[in-house]
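Colleague: Chain by chain, the residues:
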Amino acid sequence: SQQGEEDPQALSIQEGENATMNCSYKTSINNLQWYRQNSGRGLVHLILIRSNEREKHSGRLRVTLDTSKKSSSLLITASRAADTASYFCATDGTSGSARQLTFGSGTQLTVLP
Amino acid sequence: NAGVTQTPKFQVLKTGQSMTLQCAQDMNHNSMYWYRQDPGMGLRLIYYSASEGTTDKGEVPNGYNVSRLNKREFSLRLESAAPSQTSVYFCASGRIQGDGQPQHFGDGTRLSIL
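Chains C and Y, in that order, give the protein sequences.
Read in this note's numbering, the first sequence has 9 at position 9, and its numbers run on one by one without any break.
Just add 113 to the spot in the second sequence (first one is 1) and you have this note's numbering.
What the hints contain is simulated information worked out from the structure, not anything from laboratory work.
The beta carbon of each residue, even a glycine, is placed where N, CA and C say it ideally should be.
Take these hints with a grain of salt, some might be off.
Subject to a maximum C-alpha distance of 30 Å in a straight line, what follows is the list of computed DSSO-like cross-link-like pairs (lysine-lysine) [to be verified]:
(1) Y/K170 / Y/K184
(2) C/K26 / Y/K184
(3) C/K56 / C/K70
(4) Y/K170 / Y/K127
(5) Y/K122 / Y/K170
(6) Y/K170 / C/K70
Every beta carbon over 12 Å from chain Y, so not counted as near; a handful from chain C, in silico [as the list claims (entries may be wrong)]:
(7) E6
(8) R41
(9) I47
(10) L48
(11) R50
(12) K70
(13) R80
(14) D83
(15) G104
(16) G106
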């Protein structure tokens, strides 16, 4: 079963605009990670936020985490056509004898030039 | 920098045929993973290996077997392929399982079962 669910499933914006994607999850986590997947390629890690952090920045990326609401958001500022990709959140949970990443179903972002 | 290398990139099989998907990483990572990605469903973990010599089932292990040949290589075998196994398969590696480090992915094997 999937832990994270992204919202929206698809997002289309103009170049230069900001893009916001949301992720909700169900159980306690150690950290939450965001990945990007370009068409026909593997996933590439973007940013990790730990459960005791509320916000993190990396270049044009800003991630927030609200553990009380079990949700996270990824903001891409000043988007570019090259940002067109699918974005996935992945949770590293605390339950079980061995922790694993559980991925959501992704948000397809299209940035129009 | 090769990172995670998967072979083959594409494969078409007939129902009942067997095949092994190969994965190798050159980052000296301890943990390796096999996922499948189906449309609209994100990635689901098939098997993983926390370290050389150990393997464990993930969320969807039925119909698959794995071998951690050495620290670098982790293979996925379909003994008797079924149409439901048509998917894109990704291999990933990571430094230490559960320590919050990111996983590094290969570019996938696109497998069609007729």
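Colleague: A separate judgement is required for each hint: does it hold in the structure or not?
Modeller: Each hint, compared with the structure:
1. Between the alpha carbons of Y/K170 and Y/K184 the distance comes to roughly 18 Å, so the proposed pair stays at or under 30 Å and holds.
2. Of the pairs offered as hints, the one joining C/K26 and Y/K184 is violated, with about 33 Å between alpha carbons and a cut-off of 30 Å exceeded.
3. With a C-alpha separation of about 16 Å, the suggested pair C/K56 and C/K70 falls inside the 30 Å cut-off, and the hint holds.
4. Under the criterion of a C-alpha separation no larger than 30 Å, the hint pairing Y/K170 with Y/K127 is consistent with the structure, at around 25 Å.
5. A hinted pair counts as satisfied when its Cα atoms are at most 30 Å apart, and Y/K122 with Y/K170 qualifies at roughly 24 Å.
6. Note on Y/K170 and C/K70: the hinted pairing holds, with a Cα-Cα distance of about 26 Å set against a maximum of 30 Å.
7. Distance to chain Y contradicts C/E6 as a non-interface residue, since its nearest Cβ pair spans about 8 Å, not more than 12 Å.
8. Some Cβ of chain Y comes within 12 Å of the Cβ of C/R41; the nearest lies about 5 Å off, and the non-interface call is violated.
9. Here C/I47 does not stay apart from chain Y, with its beta-carbon only about 9 Å from theirs, under the 12 Å limit.
10. At roughly 6 Å, the least C-beta separation between C/L48 and chain Y is not larger than 12 Å, which violates its mark as non-interface.
11. Residue-level check failed: C/R50 sits 6 Å from the nearest beta carbon of chain Y, not beyond 12 Å.
12. Distance check on C/K70: its Cβ is at least 17 Å (rounded) from any Cβ of chain Y, clearing the 12 Å threshold; non-interface status holds.
13. At the 12 Å boundary, the C-beta of C/R80 stays outside the reach of chain Y, the nearest C-beta of that chain being 22 Å off.
14. For C/D83, the requirement that its beta carbon stay farther than 12 Å from each beta carbon of chain Y is met, with the minimum near 19 Å.
15. Remark: the non-interface label on C/G104 conflicts with the geometry, its nearest Cβ contact in chain Y lying 5 Å away (cut-off 12 Å).
16. A beta-carbon of chain Y comes within 12 Å of the beta-carbon of C/G106; the shortest separation is about 6 Å.
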